Amino acid sequence: MRALREAEQNVNVRVRRAWLVVPVALSAVVAMSACAEQNGGSSASGKCDSKIAFFGARTGPNANLGINIYNGVKLAVDQYNAKHKDCKVTLESKDSQGDEKQAPGLAQQLVQDQKVVGVVGPAFSGESEAADGIFDQGGLPLISASATNPSLSQKGWKVFHRMLGNDNAQGPAAATYLKDTVKAKKVFVIDDTTAYGKGLSDVVKQSLGSVVAGSDTVQPKQTDFQATVAKVKSSKADAIFYGGYYAEAGPFVKQLRAANVKATFVSDDGVKDEGFVKGAGNAAAEGSVVTCPCIPGDEAKGTFFADYKKAFGKEPGTYGPEAFDSANVFLDGIAAGKTARKDMLSFIDSYDKDGVTKHIKFDKTGEIAKSEIVIWSYKVSGGEIVKDQEIKATS
Amino acid sequence: MNFHFLFSNIGDLTVTGLSQGAIYALIALGYTLVYGLLKLINFAHSEVFMMGTFGALIAWNLTGLHENDPTPSLPMMVVYLLVGLVGAMVWSGVTALTVEFVAYRPLRRRNAPRLVFLITAIGASVAISEAVGVITSRNQYGMPDLFKTTNLATIGNVHITNVDLGVVVAAVVMMVVLDQFINRTRLGRGIRAVAQDPDTAALMGINKNRVIVLTFALGGVMAGAAALLYNLKIGVTRADIGFLLGIKAFTAAVLGGIGNLRGALLGGLALGLVENYGSALFGTSWRDVVAFVVLVVILMFRPTGLLGESLGKARA
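If you read the protein sequences in the order shown, they are chains A and B. Numbering-wise, the first sequence is residues 1 to 395 according to our numbering. Numbering-wise, the second sequence is residues 1 to 316 according to our numbering.
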């Protein structure tokens with residue numbers, strides 16, 4: 001009887017080992033083929049197979065924001081590879097669809113690929129909350145070109161950096177704009193319950209103080225906003241601040257204008273996309289304002305604007321320049337031989353150089369230096385979002 | 001709780017609630033018809049609706065009307081309304097029939113257990129919405145303005161717009177026509193007969209499969225009408241809009257008594273109102289909580305819904 005059981009266990013162990021062998025063998029094959037590919041062109045130095053990754057939405061309801069970032073990163077990598085023909089960098093892409101539920105799995109995949117030395121992203125604040133802890137555990141440095149929720153830098157994640165001011169800077173700037181430029185007496189504040197939208201709206205509410213005439217929430221994927229429209233109407237607000245993304249903001253503004261509410265619509269960088277105008281229609285979107293801690297493409301230094309236009313046949317979108325800068329930080333690191341994650345991280349932390357958007361230098365929490373933060377306002381005019389003015393802090 | 005806001009705006013909230021409820025009701029018809037006939041919850045019906053919104057948009061684009069075009073003249077507007085309606089109905093109807101032929105009929109022929117139908121229904125729903133999502137890159141598409149939203153009448157401080165009035169009237173008319181069709185025509189009698197007792201109906205010479213096809217087509221056409229009204233009211237469509245609306249419409253069907261056509265209308269309108277009042281009273285984030293608590297409470301006292309379930313029995 002015992003012999004039988006032992007035999008059984010033996011078989012079990014063998015079966016288990018057999019299962020282990022399959023993934024190991026598979027990854028070996030993949031690694032070998034990757035090596036073959038890498039070494040095919042130039043003689044192997046062993047260091048020439050570094051990858052940097054893009055992490056964000058390339059599909060999904062708010063994908064346009066992610067696509068802009070991907071393009072910025074791609075431009076940087078292509079330019080690098082044109083200069084370093086014998087030692088190229090591969091661009092890995094993880095499409096999260098902006099969905100925090102998918103983010104942890106994708107982050108895990110990147111962490112496991114040791115050749116990935118840096119991540120541009122995650123693009124949105126919600127997915128950053130879900131994924132950044134995993135990057136931190138894996139020691140994989142990241143620079144987000146767009147996630148602006150202030151709490152992200154306060155969680156003790158050593159790998160976290162961002163290329164733009166956070167919502168503690170954007171919120172007061174939006175409030176300044178509402179008070180000084182729109183000259184609003186009553187502001188109705190709406191958020192979309194996401195980490196990003198709610199976080200930003202709370203800061204705006206705080207900065208506006210007594211000017212806030214009321215507030216309400218909408219939900220992601222909601223399309224019928226009648227109840228919220230009725231609230232805005234009855235509050236008699238002369239301006240609205242909306243914290244959220246363009247997928248909901250578009251139909252909301254359409255229904256707002258259909259109900260004959262004329263209050264000035266002011267929103268944030270999550271709405272700064274042509275998808276907003278497409279959703280609302282040109283007529284309803286006209287005159288809407290968005291703020292963004294990102295610079296207009298044509299304000300970028302150097303040849304970035306022309307290069308981007310040449311590469312993609314259109315002008316750089318929101319965060320394009322910031323993504324380009326983020327990728328270049330990593331590429332500088334790779335050029336300096338920092339192909340281990342640990343070396344890369346200390347390289348970024350001591351980085352001190354001009355980019356196309358600003359002078360790049362991170363503080364201890366991974367935030368960009370305060371003096372380098374710029375906030376711009378943009379306006380919808382004739383169906384396009386055009387730059388309006390740089391919002392200078394008043395306080 | 002904001003009673004002041006609720007009562008000072010009760011008129012407007014009622015109007016917009018009814019028009020949203022009317023759309024729920026039209027979609028709910030599809031659930032109710034199929035359930036009444038086959039005791040099958042056709043979860044793919046939400047995608048039938050979603051396809052309708054795209055159908056109308058495609059029809060408009062093909063006939064030369066695009067987003068941001070100026071609003072057409074009155075006779076052209078009527079033409080475009082009809083074009084949109086036909087486009088939406090055809091797309092929805094074809095989708096509904098495709099689901100029936102591909103996902104349900106083969107299973108029925110093999111006498112599959114009911115659970116299997118449920119899974120294929122969910123599968124068909126996910127497959128359609130994801131496929132459309134991939135094809136459209138999950139973008140949202142704005143609708144052309146067929147007419148400007150204008151205030152038709154102001155009674156007290158209640159504003160009635162042309163869109164809200166049109167949506168409610170159109171939905172009620174569609175419901176009455178369908179109700180009469182089921183109750184008075186020969187084909188309608190066939191549907192009721194199969195709903196009551198499929199075997200006896202077959203013995204009496206009714207072609208069961210033909211009745212089922214007819215029912216799916218009717219549900220699809222009604223979803224197409226709902227899609228057109230949705231396009232006019234909301235003005236934006238996306239591959240994933242079916243999910244939330246489908247759940248709401250299914251809720252409306254259960255609320256009114258699933259399998260009961262008049263129940264679907266009542267349930268839809270009631271749900272639209274409860275949602276609007278609830279979000280006015282507690283804040284919009286409580287909207288779904290209020291709606292579903294009301295559903296549970298009503299089902300506690302009337303387990304078969306407001307009007308009871310029966311497609312066949314009630315007025316046979």
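Note that these hints are calculated values from the structure, not bench results. For clarity, every value in this text was computed on a predicted model and none was experimentally measured. Keep in mind that the hints are not guaranteed to be accurate.
[What the hints assert, rightly or not] List of simulated lysine-lysine pairs, DSS-like, C-alpha gap at most 25 Å:
#1 B:148 to A:379
#2 B:148 to A:233
#3 A:364 to A:155
#4 A:155 to A:179
#5 A:387 to A:370
#6 A:364 to A:179
#7 A:221 to A:185
#8 A:233 to A:183
#9 A:221 to A:179
#10 A:262 to B:148
#11 A:392 to A:185
#12 B:148 to A:236
[As the list claims (entries may be wrong)] Non-contacting residues of chain A with respect to chain B, defined by C-beta distances greater than 10 Å in every case (computed):
#13 102
#14 138
#15 180
#16 211
#17 231
#18 254
#19 278
#20 352
#21 383
Ideal placement from N, C-alpha and C gives every residue a C-beta, glycine not left out.
Hint check results:
1. Of the supplied pair hints, the one linking residue 148 of chain B and residue 379 of chain A holds, its CA atoms being roughly 24 Å apart against a limit of 25 Å.
2. Between residue 148 of chain B and residue 233 of chain A, the direct Cα distance comes to roughly 19 Å. Compliance with the 25 Å bound is thereby established for this hinted pair.
3. Taking the CA atoms of residue 364 of chain A and residue 155 of chain A, the gap is about 12 Å. The hint holds against a cut of 25 Å.
4. Taking the CA atoms of residue 155 of chain A and residue 179 of chain A, the gap is about 32 Å. The hint is violated against a cut of 25 Å.
5. Straight-line distance between C-alpha atoms of residue 387 of chain A and residue 370 of chain A comes to about 22 Å, which keeps the hinted pair within the 25 Å bound.
6. Among the hinted pairs, residue 364 of chain A with residue 179 of chain A is inconsistent with the structure: their alpha-carbon atoms are about 33 Å apart, more than 25 Å.
7. Of the pairs offered as hints, the one joining residue 221 of chain A and residue 185 of chain A is violated, with about 31 Å between alpha carbons and a cut-off of 25 Å exceeded.
8. The suggested pairing of residue 233 of chain A with residue 183 of chain A holds, with an alpha-carbon distance near 19 Å, which does not exceed 25 Å.
9. With a C-alpha separation of about 30 Å, the suggested pair residue 221 of chain A and residue 179 of chain A falls outside the 25 Å cut-off, and the hint is violated.
10. Distance restraint check for residue 262 of chain A and residue 148 of chain B: the Cα-Cα separation of roughly 15 Å lies within the 25 Å cut-off, and the hinted pair is therefore satisfied.
11. Under the criterion of a C-alpha separation no larger than 25 Å, the hint pairing residue 392 of chain A with residue 185 of chain A is consistent with the structure, at around 20 Å.
12. With a C-alpha separation of about 22 Å, the suggested pair residue 148 of chain B and residue 236 of chain A falls inside the 25 Å cut-off, and the hint holds.
13. Under the 10 Å C-beta cut-off, the non-interface status given to residue 102 of chain A relative to chain B holds; the minimum distance is some 14 Å.
14. No Cβ of chain B comes within 10 Å of the Cβ of residue 138 of chain A; the nearest lies about 29 Å off, and the non-interface call holds.
15. Residue 180 of chain A, annotated as away from the interface, keeps every beta carbon of chain B farther than 10 Å; the closest lies near 30 Å.
16. No Cβ of chain B approaches the Cβ of residue 211 of chain A within 10 Å, the least distance being about 19 Å, so the stated non-interface status holds.
17. Taking the minimum C-beta to C-beta distance to chain B, about 7 Å, the non-interface status of residue 231 of chain A is violated against the 10 Å cut.
18. Some Cβ of chain B comes within 10 Å of the Cβ of residue 254 of chain A; the nearest lies about 5 Å off, and the non-interface call is violated.
19. A cut-off of 10 Å between C-beta atoms contradicts the statement that residue 278 of chain A is not in contact with chain B; the least separation is 5 Å.
20. Against chain B, the non-interface label of residue 352 of chain A holds: every CB pair exceeds 10 Å, the least being about 40 Å.
21. Listed as a non-interface residue, residue 383 of chain A fails to keep its Cβ farther than 10 Å from every Cβ of chain B; the least gap is roughly 7 Å.
The structure does not agree with the numbered hints 4, 6, 7, 9, 17, 18, 19, 21 stated previously, though it agrees with the rest.
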